[in-house]
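Colleague: Residues in the sequence shown are numbered consecutively from 1, following the UniProt record's numbering.
Watch out, some of these pointers could steer you wrong.
[As the list claims (entries may be wrong)] Restraint ranges, calculated between C-beta atoms of paired labels, are given here:
no., residue 1, residue 2, range
1, I34, R112, 38 to 46 angstroms
2, S29, P142, 54 to 62 angstroms
3, A31, L160, 48 to 56 angstroms
4, S252, P110, 40 to 48 angstroms
5, G36, Q265, 42 to 50 angstroms
Source of the hints: derived by calculation from the structure; they are not laboratory data.
Treat the numbers as computed from the prediction; the structure is a model and nothing was measured.
In this text, a Cβ means the ideal position worked out from N, Cα and C, and glycines have one as well.
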Amino acid sequence: MTTAPAQPGATVTPEKPKAVVRVGDRVFSAASVIAGGLILFVLVLVAAFLVWQSIPAFSAKVGELPNNATNFWDYVGPLVFGTVWSALIALVISVPLALGIALFISHYAPRRLAPVLGYVIDLLAAVPSVVYGLWGIVVLAPFVKPFYAFLNEYLGWFPLFSGQVSGTGRTILTASIVLAVMAIPIMTAVMREIFLQAPTLNEEAALALGATRWEMIRLSVLPFAKSGIVSAIMLGLGRALGETMAIALVLSVSTNVTFQMLTSQNPSTIAANIALQFAEASGTALNALIASGLILFVITLVINMLARYIVRTRVS
Numbered sequence: 001m002t003t004a005p006a007q008p009g010a011t012v013t014p015e016k017p018k019a020v021v022r023v024g025d026r027v028f029s030a031a032s033v034i035a036g037g038l039i040l041f042v043l044v045l046v047a048a049f050l051v052w053q054s055i056p057a058f059s060a061k062v063g064e065l066p067n068n069a070t071n072f073w074d075y076v077g078p079l080v081f082g083t084v085w086s087a088l089i090a091l092v093i094s095v096p097l098a099l100g101i102a103l104f105i106s107h108y109a110p111r112r113l114a115p116v117l118g119y120v121i122d123l124l125a126a127v128p129s130v131v132y133g134l135w136g137i138v139v140l141a142p143f144v145k146p147f148y149a150f151l152n153e154y155l156g157w158f159p160l161f162s163g164q165v166s167g168t169g170r171t172i173l174t175a176s177i178v179l180a181v182m183a184i185p186i187m188t189a190v191m192r193e194i195f196l197q198a199p200t201l202n203e204e205a206a207l208a209l210g211a212t213r214w215e216m217i218r219l220s221v222l223p224f225a226k227s228g229i230v231s232a233i234m235l236g237l238g239r240a241l242g243e244t245m246a247i248a249l250v251l252s253v254s255t256n257v258t259f260q261m262l263t264s265q266n267p268s269t270i271a272a273n274i275a276l277q278f279a280e281a282s283g284t285a286l287n288a289l290i291a292s293g294l295i296l297f298v299i300t301l302v303i304n305m306l307a308r309y310i311v312r313t314r315v316s
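When you get a sec, could you build the whole thing from the sequences and use the hints?
Modeller: This is the structure:
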């Protein structure tokens, strides 16, 4: 049986070869889908558990909640304030340090020294939080007491440094310094990798046109790394918001809402309050702790989702 010749001017499209799907590809694909679905399933279970256990706290009456709170929001409000306030102070301290360290490792340090510095900074993330807390109590708090007295004496007119200075040095500022040290490694790691991915041609072009090294960084590296810097800050914020043991060791449980950073009357955080009160809580008080954990869960989830979104999209 003969095939009819193609008409003049007609295009003959060759048949596409069929894709060969190997057994290993199918197994890997199925395992990836199962693993991703399992993570989402566990996340949904955690959220459902927190919501279910929090219902009694949301509907609690006067006198049923700890600290004589009139309602749940009156109870959790100071804790949310302390959580956000300590995390913001930690960011103010850690962001310039992380940015400077990342720039030094990526563009200033000698080639033999840069990897060593990177490893040392990354090792800080492996230090347990309880060690940071002990360091904050034993070393940092006594060390910063003279500095706090100096700030209060000469800058006491400013609300942040006003009030009676703590005699122990265990203040919200000390706790925020500890949080800053804990957030620096992850922020530095993200920023460093973004800086190293900056187009080399742009850097060389800026230097060839007579720009200094800092001008080259400002014109070529920082605009390219803007999204990475923002995402690193968000990840550091998420780490600071969820820290427990370091804050629990440095700060005592308190329901104060104050912006003063040097006094002994400090706002506590949600995570530290749960860690310190959970063993003795029962009934509605236990539900209140779980409900405060739900609030922290929502805050941390929003922060991490925002960070992922910024990583995926470039900031204009």
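Colleague: Hint by hint, note whether the structure agrees.
Modeller: Hint by hint, here is what the structure shows:
In this structure, I34 and R112 meet the distance hint of 38 to 46 angstroms, their C-beta atoms being roughly 44 angstroms apart. For the pair S29 and P142, the supplied restraint of 54 to 62 angstroms holds, since their beta-carbon distance comes to about 57 angstroms. Judged by the Cβ atoms, the range 48 to 56 angstroms given for A31 and L160 holds: they are separated by roughly 52 angstroms. For S252 and P110, the hinted distance range of 40 to 48 angstroms is satisfied, since their beta carbons lie about 46 angstroms from each other.
The given range of 42 to 50 angstroms is respected by G36 and Q265, whose C-beta atoms sit roughly 46 angstroms from each other.
Of the numbered hints stated above, none is contradicted by the structure.
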